[in-house]
Structures are given as C-alpha cells and as structure tokens.
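K.L.:
Protein chains in written order, with the working numbering: chain A, 1 to 316; chain B, 317 to 490.
For the record, the hints were derived by calculation from the structure and aren't laboratory data.
Wrong hints could be hidden among the right ones.
Unchecked claim - Simulated DEER-style distance windows between Cβ atoms:
(1) T296/A / T388/B: 54 to 60 Å
(2) K88/A / E343/B: 31 to 37 Å
(3) E343/B / T255/A: 23 to 29 Å
(4) E379/B / H64/A: 55 to 61 Å
(5) V385/B / A206/A: 49 to 55 Å
(6) N272/A / P457/B: 39 to 45 Å
(7) K88/A / P457/B: 20 to 26 Å
(8) E408/B / N272/A: 28 to 34 Å
(9) Q440/B / D188/A: 53 to 59 Å
(10) G394/B / K88/A: 44 to 50 Å
(11) D146/A / G394/B: 41 to 47 Å
(12) A436/B / A124/A: 43 to 49 Å
(13) T390/B / D188/A: 53 to 59 Å
(14) H64/A / P457/B: 29 to 35 Å
Stated by the list, open to error - Taking lysine-lysine pairs in the BS3-like style, the calculated list, with each CA pair at most 25 Å apart, reads:
(15) K489/B / K410/B
(16) K341/B / K52/A
(17) K410/B / K257/A
(18) K217/A / K454/B
(19) K454/B / K136/A
(20) K470/B / K52/A
(21) K52/A / K454/B
(22) K257/A / K433/B
(23) K257/A / K412/B
(24) K354/B / K410/B
Think of the CB as a built atom: it goes at the ideal place given N, C-alpha and C, for glycine as much as any other residue.
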Amino acid sequence: MIRLELILLPLILIAQTALAAPDAYITNQGSHNVSVIDIAQHQVVATIAVGKAPAGVAVSERQHRAYISNVEGQSISVIDTQTRQVIKEIALASAPLGVALNADDSRLFVAYWYDDKIVEFNTADYRIVREFNVGKSPSGLLASLDGHYLFVANRDSNDVAVVDLSKGEVSNRITVGEHPFGLAQSLDGSQLYVVNVHAETLSIIAAPYTAVTATIKVGAHPYCAAASADSIYVTNTEGDSVSVINAASHLVTSTIKVGNVPEGIAYAAATNQIYVANWGDDNVSVIDASNNKLITQIATGAQSRAFGQFIAAAPH
Amino acid sequence: MKKLLAITALFIPLLAFAHGPTPQKVEQEIAIDAPPAKVWALIKDFGNWQTWHPAIASISKLETKDDGVYRTITLKSGGTVYEKLRSADDTEMKLKYEAEEGGAIPASDYVGTITVKAGATAGQSSVLWFGRYYRVYKLNPPIPEGQDDESANKAVGDFVAAGLANLKIVAEKK
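Looking at chain A on its own, in the form it has when it is part of the complex (with noise of 0.2 Å):
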C-alpha cells in the first residue's frame, strides 16, 4: 500500500519552500526609491522610484502589495510585488511616516505625523475609512494578529495607544520609556515590542495589553525591533549595533556590529535571517539568526530607513 502522504507532503513542503520566500522593501529616505531585496540571493533585484523621502513600508504577500510612506511627498506608494511597479499614490492631507496593514490585509494604517492621528484606509479601494486621534509625533505602528487591536508608539507622548478596532476607539494609553518610535511583535503576537530612543530601553507589553510587563536596558538611541522565535533584535542607532535579547529570559546574550546608524529592522522567516537597514552607510546588513553573525551586506539606495514590516511576516 503506497502512503500517499510519504509522496505528496515533501513535495508541498518543497513547493511552499520554493514560492515562500518574499522580498524585503528598503526605503531609501535620500534616493527617493525603494530597493526590492531577494532575501534568498542577497540581492537587489529591482529599485522603485517613489515619491519623495520614502520611510515607512508594510508589506501584503496576500494581495501582492507594498505600501510606502513619502514622509515630504506626503503620499503613499502602492507597488504591485509581481510587478514591481507602482499602480497608485494616495494623495494625503498630511506627512505619514509609519504604516501598517491590519490582520487580514483589508485595511491599511497611517501614522499622520504632525496631526497625533491614524487614518484607516481600505486597501480595495483605497478609501479613508475611519480616524483615529491618537497621542503626539505617532510613529511606529503595528496591528495585533488577532485582529483586535492596532497599537500606536506616540514618540512625543511617551506612551503606547492601544486602538480597539472593533469598537473604533482608543482603548488605552500606556505609559512607555521616554520616547517610544519603532513596533515590534513576538511570532506568536502575545508579545508586543516597544523601543523607547531616549530611554533606551525596550518596554514589553504581553496580551492582553494593558500595561508595561518588561523593561530591558538596550544599547544607544535605539530605534527599532524584530522579533524571531527565541529572540528579539533592537538597533542601536549611536552604537552601530544591534543588542540581541532572549526573549524568555529578558538578558541581552549579543551585540552585533552592523552598519552606520542603523534603524529599521526585520526577520525573515524563510531564511532565518535578520535584515537591518543601516541610514548612514546606504546599505543593509544580514544577520544569520542561528548564531548572530553578519552574513553580508547589500548596498541598497541613500539613507536607507526600512521602518516598519519591510519583509512579509511567515503567515500564520
């Protein structure tokens, strides 16, 4: 009797391997494009001209969509991944910086910079579908797995806002460091990730998100996290590195030198890898996640930021 599974599971599982490994996005802030990254050749397979001084970028494997920020432009990006054009910019009343897609890639999220609000469009149509007043400067911004929730870094505001997107309203604020900026979420979501620049520490918010549960002592002026499974990574940009943290027992096991000003910061899931984009060298480092260690760098565009999911996070 043939098992039939014996036959047909290693060739999905090969299948998923060969198609399951996405691009990573680079904003360069100073070349006003985006560096398309083949996570598995380390290479620059394509450079999207956008609007002007590009930041933010979230990522939908789902729809086959990046969105970018053009902080100065005051748009957003709409790049069909297959493609790798852009099909749309969404003229917006304000400068965004951070973006982020919620749970099923329906509704994509606006951090307006200097207005303290979320704008909430639908990314069929690209319609503004509700606002969120939130705290000052807000900056990162990250949708929970489960759908609930989005959480907002209020940079000026040294405080998280936590957003209920059920109830269309600010559910919470909680208090973090001292100037929060970059999001981050544990693979499993029950884990939020808050890197506070002046603080420089990493405030930890577990589910049901309500209050700080951790605080971690980081390296300098850091800026953003990525999380893999048994650890999370945090930019330090004045140091040049990344501090490497067990995410079990809170310690700081490595810091890794990377690249000038590091900022934005990635895992990716396919390669086990860490991708941070370094502002003052142009280019991005990659971190083997198995021990630690650089594995390259690919030269990528001018002052490259990356801030925000800039790699498709493995689905869930």
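With chain A held as given, fit chain B onto it using these hints.
P.N.:
Frame of chain A; chain B shown alone:
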C-alpha cells in the same frame, strides 16, 4: 533673572529632541599629508577648534556639567552654537559631539562624528566627517524661509567643508 534663566535652561533639553520625521546627512572626507596622531590631536582638542576651523571666531572656556563637557562656539558670521562633547575615543580616533537647539547654524538635533583613519602611508591620514540632523522647522509645512532642509544642508555642508579644508592646511604645516 538668574532663576528665569535656570528655568529656561530646564526646558531646552526637553525641546531639543522633538525633531521632525526626515533626518538629513552630511558626509565629507579629506586626505591629509600628516600622521593620524597629529590630526587627531587637533580634532580631539574640543576647546580649541578655532585654531583650524576658519568659520569659528572663538570658543568659550569648556564647561563641565553632570552630563558632559560643553562649549560655546562663536561664528565669524555672527551668532553662537552651544555644543556638547559626547565622546572622544583615542583607539578609534573618533570624536562625537552634538549641537544644542537654537544655535546660529540652522539645523536641529545635529550629531557629528569625526573619524581619523590612517592614509596610504605612515605620514598620511584620511578624515571622515559624518553628521545627522534635521531642519529647524518642526511643524507641518509650509516651511518658513531659512528653516527648511535646503538651508540646513547648505549651512552644515559649508561648515564641514570649510573645516576639513583648513584642517588639512593646518595639519600639513611642518
């Protein structure tokens, strides 16, 4: 009056970091026919940059506070800039400093890093001056004249260029 100044001084650090969303960059390098140690000695002497920087008329006596060493530079073009030494590393020959808010150079949150590296031969150096800063204007555009990215980039770029060019001349003097 002293009390008012003291209270005002408390507010300056709070405002100092409320910059906008788009950082700017200056990065210039120069080759110098002088040994790295000689060039580093000139840069490291935070209180005496007027000996090589042509835009600086004079520098105040260094002030040591709880959080570091400060100086006030007076520009030949007028006005002052209040600056803090962040670090000076002899091993890496790297100096890092920041400019406080409201100075005569129209940039905010400026952090500069000057590094001296060995040149092609023993008697040669290469100096890299790297800076990150933001425009002065922190609110929604329209941006008032003189407070935009272009003004910041021109002022900082000119300051760095003039500094490096004359550092070379001074360092190369036998």
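K.L.:
So, for every hint listed, does it hold in this structure?
P.N.:
Structure-based check of all given hints:
1. At roughly 45 Å, the beta carbons of T296/A and T388/B sit outside the given window of 54 to 60 Å.
2. The given range of 31 to 37 Å is respected by K88/A and E343/B, whose C-beta atoms sit roughly 34 Å from each other.
3. Checked against the given bound of 23 to 29 Å, the beta carbons of E343/B and T255/A, roughly 25 Å apart, stay inside it.
4. Checking the proposed 55 to 61 Å range against E379/B and H64/A shows it holds: the Cβ atoms sit about 58 Å from each other.
5. For the pair V385/B and A206/A, the supplied restraint of 49 to 55 Å is violated, since their beta-carbon distance comes to about 41 Å.
6. Under the hint 39 to 45 Å, the C-beta atoms of N272/A and P457/B, about 43 Å apart, fit the expected range.
7. A hinted range of 20 to 26 Å holds for the C-beta pair K88/A and P457/B, which are about 23 Å apart.
8. Under the hint 28 to 34 Å, the C-beta atoms of E408/B and N272/A, about 32 Å apart, fit the expected range.
9. The given range of 53 to 59 Å is respected by Q440/B and D188/A, whose C-beta atoms sit roughly 55 Å from each other.
10. A hinted range of 44 to 50 Å for the beta carbons of G394/B and K88/A is consistent with their spacing of about 49 Å.
11. Checking the proposed 41 to 47 Å range against D146/A and G394/B shows it is violated: the Cβ atoms sit about 59 Å from each other.
12. At roughly 60 Å, the beta-carbon separation of A436/B and A124/A lies outside the given 43 to 49 Å, and the hint is violated.
13. Taking 53 to 59 Å as the suggested C-beta distance range, the pair T390/B and D188/A conforms, at roughly 58 Å.
14. Separated by about 33 Å at the C-beta atoms, H64/A and P457/B satisfy the suggested range of 29 to 35 Å.
15. Our distance criterion of 25 Å between C-alpha atoms is met by K489/B and K410/B, whose separation comes to about 22 Å.
16. Between K341/B and K52/A the alpha-carbon distance is near 16 Å, which keeps this suggested pair within the 25 Å criterion.
17. For the given pair, K410/B sits about 16 Å from K257/A by alpha-carbon distance, which is consistent with the 25 Å threshold.
18. Between K217/A and K454/B the alpha-carbon distance is near 29 Å, which puts this suggested pair outside the 25 Å criterion.
19. This hinted pair checks out: K454/B and K136/A have alpha carbons roughly 12 Å apart, not beyond 25 Å.
20. Taking the CA atoms of K470/B and K52/A, the gap is about 19 Å. The hint holds against a cut of 25 Å.
21. Taking the CA atoms of K52/A and K454/B, the gap is near 18 Å; set against the 25 Å cutoff, the hint holds.
22. Restraint check for K257/A and K433/B: satisfied, since their Cα atoms lie roughly 19 Å apart, inside the 25 Å limit.
23. As the CA atoms of K257/A and K412/B are separated by approximately 18 Å, the hinted pair is consistent with the 25 Å bound.
24. This hinted pair checks out: K354/B and K410/B have alpha carbons roughly 13 Å apart, not beyond 25 Å.
Hint compliance for this structure: hints 1, 5, 11, 12, 18 are broken, all remaining hints hold.
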